[in-house]
Amino acid sequence: MTADTTARPVTTPGRARLAGVRTALPYTLVFLPYGLVIGATADQARVDDFLGWCTSWLNYAGASQLVLIQMLDAGAAPLAILGAILLINLRLVAYATAISPQWRTAPLRWKVFASYVFVDPAYVIATERAKQPDAPASDRYLRSYYAGAAATLWLTWLVWCGLGVTLGSQVAHVVPAQTLADLMLVSMLAMLARDAGTRIAAGAGVGLGIPALLLPAGSGTTVAAVAACGIAAALAWRRLP
Amino acid sequence: MNHWLIAITAGLLMFGLKAVVPVAAGGRDLPPRVVALTALVAPAVIGALLTTSLATAGVSTDLLRRLAVLAVAFAVAVRSGSFPLTIGAGLAAHFVLVAVT
Chain G
487 MTADTTARPV
497 TTPGRARLAG
507 VRTALPYTLV
517 FLPYGLVIGA
527 TADQARVDDF
537 LGWCTSWLNY
547 AGASQLVLIQ
557 MLDAGAAPLA
567 ILGAILLINL
577 RLVAYATAIS
587 PQWRTAPLRW
597 KVFASYVFVD
607 PAYVIATERA
617 KQPDAPASDR
627 YLRSYYAGAA
637 ATLWLTWLVW
647 CGLGVTLGSQ
657 VAHVVPAQTL
667 ADLMLVSMLA
677 MLARDAGTRI
687 AAGAGVGLGI
697 PALLLPAGSG
707 TTVAAVAACG
717 IAAALAWRRL
727 P
Chain S
639 MNHWLIAITA
649 GLLMFGLKAV
659 VPVAAGGRDL
669 PPRVVALTAL
679 VAPAVIGALL
689 TTSLATAGVS
699 TDLLRRLAVL
709 AVAFAVAVRS
719 GSFPLTIGAG
729 LAAHFVLVAV
739 T
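Protein sequence lines, in the order shown, are assigned to chains G and S. Residue numbering for the first sequence follows the numbering used here, beginning at 487 and increasing consecutively. Residue numbering for the second sequence follows the numbering used here, beginning at 639 and increasing consecutively.
The hints are simulated quantities; they were obtained by calculation from the structure and are not laboratory data. Careful, some of the hints might be misleading.
As the list claims (entries may be wrong) - Derived, one-sided and incomplete: chain S residues facing chain G with beta-carbon distance under 8 Å: (1) V658; (2) L675; (3) A680; (4) P681; (5) S691.
All values derive from a computational prediction rather than experimental measurement. For glycine and all other residues, C-beta sits at the position ideal for the given N, C-alpha and C.
Next comes chain G alone, as it looks inside the complex (with noise of 0.2 Å):
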């Protein structure tokens, strides 16, 4: 019998990382003008320029980079805000809970790595691809796709808030900043209340979003986003595992 000298790998580490990159790509288009938005928000804003830039890989996380530029530039106080940026990305420790089984047998500094450049878009990415049929069953490949996808969300994440720091006030002539502000929050609402618990939750912080408009500001929203939760909690404790 003699060996069989074609024989390749399926896949190499590299190859799915390029599968990654290939994936995550449309995603960046789609997330170019939200870049471009809190980029020109951060440069309207009462925050260093600089700074409204760094906060695009300092507070690598959408939405809650949103929320600290208005916030900083509201004059919230600096509790409230870290309160609000604390709870906002609370969800990433349920997701980060799910794809870790993954990321189990990695070295510490890619664990480090992955987590850095964890966000809602690379672990759709990532969790879509390990259900597919075709995906090879091995936790390195799968490292090494949300590596590649994750990467490339990041680098162009820095590029779009740079590019909106950049043109600034001229954005807003293109893109209707305050339209995609909300847009992107009821996505991630439509998105993230998925079933009686979370759909409880977010009714709750609607709802309770009006009357804490009389606190001080920047507190409401945390206040109004403590006691949903309290709230969702309460209903849907009896029926967790």
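Please build the complex by placing chain S on the supplied structure of chain G, with the hints as guidance.
Chain S in isolation, oriented as in the chain G frame:
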């Protein structure tokens, strides 16, 4: 407090949230109830953000237009589950309403 300090602290907080399970917990899973409850937070926060953002517009045609755009976008989001479609539909509704009002 300095803006840079707030931004850096917020960044470390965000990284900590993302890394706590894969890095700090050694990949061990959090209790299912804890994980399920963390999923409630984002919809609550985003719902509150949306309302407070809309409320700043006051009672005006601008508010009505924004509400109409969001109603269209929400319906598309729920039916399609597609981010690009939702954004496209919302923007289309926005430009149509701007043109007619």
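The hints, checked one at a time:
| no. | hint | result |
| --- | --- | --- |
| 1 | V658 | holds (6 Å) |
| 2 | L675 | holds (5 Å) |
| 3 | A680 | holds (4 Å) |
| 4 | P681 | holds (4 Å) |
| 5 | S691 | holds (7 Å) |
Violated hints for the displayed structure: none, as all numbered hints are satisfied.
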